[in-house]
Amino acid sequence: MFDSVLVANRGEIARRVIRTARQMGIRAVAVYSDADADLPYVHEAGQAVHIGPSQPARSYLDAGAIIEAARKTGAAAVHPGYGFLAENADFARQVIAAGLIWVGPDPAAIEQMGDKIRARNLMERAGVPVSPGSREPVTDVAAAVAEADRIGYPVMVKAAAGGGGIGMGVAAGAAELQAAFETARSRAERFFGSPEILLERYVARARHVEVQILGLADGTVLALGERDCSVQRRHQKVAEETPSPGVSGGLREQMLAAAVRAGQAVGYSGAGTVECLVDTQDGSFVFLEMNTRLQVEHPVTELVTGIDLVEQQFLIAAGDPPSFDPAAVRSAGHALELRVYAEDPVRFLPGPGTITEWAEPEGDGIRVDAGYQAGNTVTPFYDPLLAKLCVYAADRPSALERARKAVAGFAVAGPKTNLAFHAELLDNPEFVSGDYDTSLISRMRPS
Amino acid sequence: MAEIRAEMVANVWKVVAAEGDHVDDGDTLVILESMKMEIPVLAESSGTVTKMHVAEGDVVQEDDLIAEIS
Numbered sequence: 001m002f003d004s005v006l007v008a009n010r011g012e013i014a015r016r017v018i019r020t021a022r023q024m025g026i027r028a029v030a031v032y033s034d035a036d037a038d039l040p041y042v043h044e045a046g047q048a049v050h051i052g053p054s055q056p057a058r059s060y061l062d063a064g065a066i067i068e069a070a071r072k073t074g075a076a077a078v079h080p081g082y083g084f085l086a087e088n089a090d091f092a093r094q095v096i097a098a099g100l101i102w103v104g105p106d107p108a109a110i111e112q113m114g115d116k117i118r119a120r121n122l123m124e125r126a127g128v129p130v131s132p133g134s135r136e137p138v139t140d141v142a143a144a145v146a147e148a149d150r151i152g153y154p155v156m157v158k159a160a161a162g163g164g165g166i167g168m169g170v171a172a173g174a175a176e177l178q179a180a181f182e183t184a185r186s187r188a189e190r191f192f193g194s195p196e197i198l199l200e201r202y203v204a205r206a207r208h209v210e211v212q213i214l215g216l217a218d219g220t221v222l223a224l225g226e227r228d229c230s231v232q233r234r235h236q237k238v239a240e241e242t243p244s245p246g247v248s249g250g251l252r253e254q255m256l257a258a259a260v261r262a263g264q265a266v267g268y269s270g271a272g273t274v275e276c277l278v279d280t281q282d283g284s285f286v287f288l289e290m291n292t293r294l295q296v297e298h299p300v301t302e303l304v305t306g307i308d309l310v311e312q313q314f315l316i317a318a319g320d321p322p323s324f325d326p327a328a329v330r331s332a333g334h335a336l337e338l339r340v341y342a343e344d345p346v347r348f349l350p351g352p353g354t355i356t357e358w359a360e361p362e363g364d365g366i367r368v369d370a371g372y373q374a375g376n377t378v379t380p381f382y383d384p385l386l387a388k389l390c391v392y393a394a395d396r397p398s399a400l401e402r403a404r405k406a407v408a409g410f411a412v413a414g415p416k417t418n419l420a421f422h423a424e425l426l427d428n429p430e431f432v433s434g435d436y437d438t439s440l441i442s443r444m445r446p447s
Numbered sequence: 001m002a003e004i005r006a007e008m009v010a011n012v013w014k015v016v017a018a019e020g021d022h023v024d025d026g027d028t029l030v031i032l033e034s035m036k037m038e039i040p041v042l043a044e045s046s047g048t049v050t051k052m053h054v055a056e057g058d059v060v061q062e063d064d065l066i067a068e069i070s
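Quick note, the sequences are listed as chains A and B, same order.
Quick note on the working numbering: the first sequence kicks off at 1 and runs consecutively.
Quick note on the working numbering: the second sequence kicks off at 1 and runs consecutively.
Derived from the structure by calculation, the hints contain no laboratory data.
It is possible that some hints are incorrect.
Selected chain B positions facing chain A (in silico; Cβ < 10 Å) [as the list claims (entries may be wrong)]: (1) MET8; (2) VAL9; (3) ALA10; (4) ASN11; (5) TRP13; (6) LEU32; (7) SER34; (8) LYS36; (9) GLU38; (10) VAL59; (11) GLU62.
Just the calculated beta-carbon pair ranges, DEER-fashion [as the list claims (entries may be wrong)]: (12) A:GLY99 to B:GLY20: 53 to 63 Å; (13) B:ALA2 to A:ALA174: 31 to 41 Å; (14) B:GLY26 to A:PHE191: 20 to 30 Å; (15) B:LEU42 to A:ALA327: 58 to 68 Å; (16) B:ASP58 to A:SER194: 19 to 29 Å; (17) B:ALA18 to A:VAL432: 48 to 58 Å; (18) A:ARG58 to B:ALA18: 21 to 31 Å; (19) B:SER46 to A:GLY127: 56 to 66 Å; (20) A:GLU362 to B:GLY20: 50 to 60 Å; (21) B:ALA2 to A:ARG190: 28 to 38 Å; (22) A:ALA327 to B:GLU62: 54 to 64 Å.
For glycine and all other residues, C-beta sits at the position ideal for the given N, C-alpha and C.
Just chain A, with the same shape it has in the complex (with noise of 0.2 Å):
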């Protein structure tokens, strides 16, 4: 095991990978930007750099800043979090370049899943179900409706390089298709620097379910359980959980062995999600994306496995074999993750501002895994994601009554929240009976 690791991110993440780097006795170096000197993980850190301004791309995502901080603090490992450099293939192997032991899967996994129509293709022939989509980036308009009427509407239309659901749209025909890819190609091009567009045929009535896989050192593919996902406003994850209430025991068998097949078909090594679209009206499931990097809501999988993921991504990094028994994985009950985001409640505008109060619910099978303290401010440069409240349960209803108290006792003020959301979520019908989809939030905020 090597003794020291940079975690190149912020936040929540930075603060979660440096408390399993700290158990495991490997020292961490964490490093920040102007906005972001005061936040827990820089104090909790061993040793903490400060690598530019708070734009992100004077920081964050400045590659040469970071592998400078490694050289100076000696650090052995980069650990990169989630969004920012963690799926860039370049930095990466600059990482690698550097002597420096990257944590995270061969760069080459990283480039084939990051272009989403090289990733569904490359699935499609592993044998894992592809929706109807395109096999070769859009160009323009033209070839956006040739290409819709040949998958047939409705069609998603997506950036080829993105993520975080960022620049997606739906057009139900073609005169909603021009203002789709216009809006869908600049997106891409200003936030993953890549114009190039893909076409999917559009499941109205889908969850979307991922699966977590784990590359093992060895060459082994497991599948940890799924996550359902599809509580989601503007195409981004509001709230997870596991099991998937909508998963039956067949189709889950399906779903973890096409993840698995998927990992396989990449010689996939660390952790690693497969996302895919279940369709509600037939049972059948599609993979949509691979995300080459640990997920923000891994901790519902750590809570019902019992396995610290990124211990786990320590321990494949440095060749070694996992904590656990691989072959006797066992789930138990359920998790729920509700993100509290810095954003109104009502229209999810974003409302940074200076943190005056926050106070953490606490308790059996409550874990918060928080980015921020009183004190300190929340800017417009990152993300909104100020925490991630966890519970955890024997069942679904406790899981769910458990949350509900949680959302009730955590106590922030300065930022706006959308605490008061997941307490109306907690209480929908639709989502308190399991049979919810993709569509859920824009039938609880019709507009």
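Given chain A, put chain B in place with the hints provided.
Below, chain B alone, put in the same frame as chain A:
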């Protein structure tokens, strides 16, 4: 004369309207960006942009003046 102000702390991503432009109610004046979300700032009446107070790359605070329309 109408004053258009920022509703929240944000970065000025794009300045769409220039001083001297005629704008109609609902036209986009600037696009702010906060926490990975784009927020268009719209004209609330028709008129001419007499003053644009922000430039691309600025950070605006809540209530900062963005533009004036007459």
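Results for each hint:
1. MET8: Holds, because the Cβ-Cβ distance from MET8 (chain B) to chain A comes to roughly 6 Å (cut-off 10 Å).
2. VAL9: 5 Å, holds
3. ALA10: Holds. Min distance 5 Å.
4. ASN11: Holds - the Cβ of ASN11 (chain B) comes within 10 Å of chain A, reaching about 6 Å at its closest.
5. TRP13: 9 Å, holds
6. LEU32: At about 8 Å, which falls below the 10 Å cut-off, the nearest Cβ of chain A leaves the hint on LEU32 (chain B) intact, so it holds.
7. SER34: 4 Å, holds
8. LYS36: Holds - the Cβ of LYS36 (chain B) comes within 10 Å of chain A, reaching about 5 Å at its closest.
9. GLU38: 8 Å, holds
10. VAL59: Holds, because the Cβ-Cβ distance from VAL59 (chain B) to chain A comes to roughly 7 Å (cut-off 10 Å).
11. GLU62: Since chain A brings a Cβ to about 9 Å from GLU62 (chain B), closer than 10 Å, the hint holds.
12. A:GLY99 to B:GLY20: 53 to 63 Å: About 57 Å separates the Cβ atoms of GLY99 (chain A) and GLY20 (chain B), which means 53 to 63 Å holds.
13. B:ALA2 to A:ALA174: 31 to 41 Å: 38 Å, holds
14. B:GLY26 to A:PHE191: 20 to 30 Å: With Cβ atoms ~26 Å apart, the hint holds.
15. B:LEU42 to A:ALA327: 58 to 68 Å: 60 Å, holds
16. B:ASP58 to A:SER194: 19 to 29 Å: 27 Å, holds
17. B:ALA18 to A:VAL432: 48 to 58 Å: Once the Cβ atoms are compared, 52 Å apart, the range 48 to 58 Å for VAL432 (chain A) and ALA18 (chain B) holds.
18. A:ARG58 to B:ALA18: 21 to 31 Å: 28 Å, holds
19. B:SER46 to A:GLY127: 56 to 66 Å: 59 Å, holds
20. A:GLU362 to B:GLY20: 50 to 60 Å: Given about 59 Å between the Cβ atoms, the range holds.
21. B:ALA2 to A:ARG190: 28 to 38 Å: Since the Cβ atoms of ALA2 (chain B) and ARG190 (chain A) sit about 29 Å apart, the hinted range of 28 to 38 Å holds.
22. A:ALA327 to B:GLU62: 54 to 64 Å: Hint holds: Cβ distance 56 Å, inside 54 to 64 Å.
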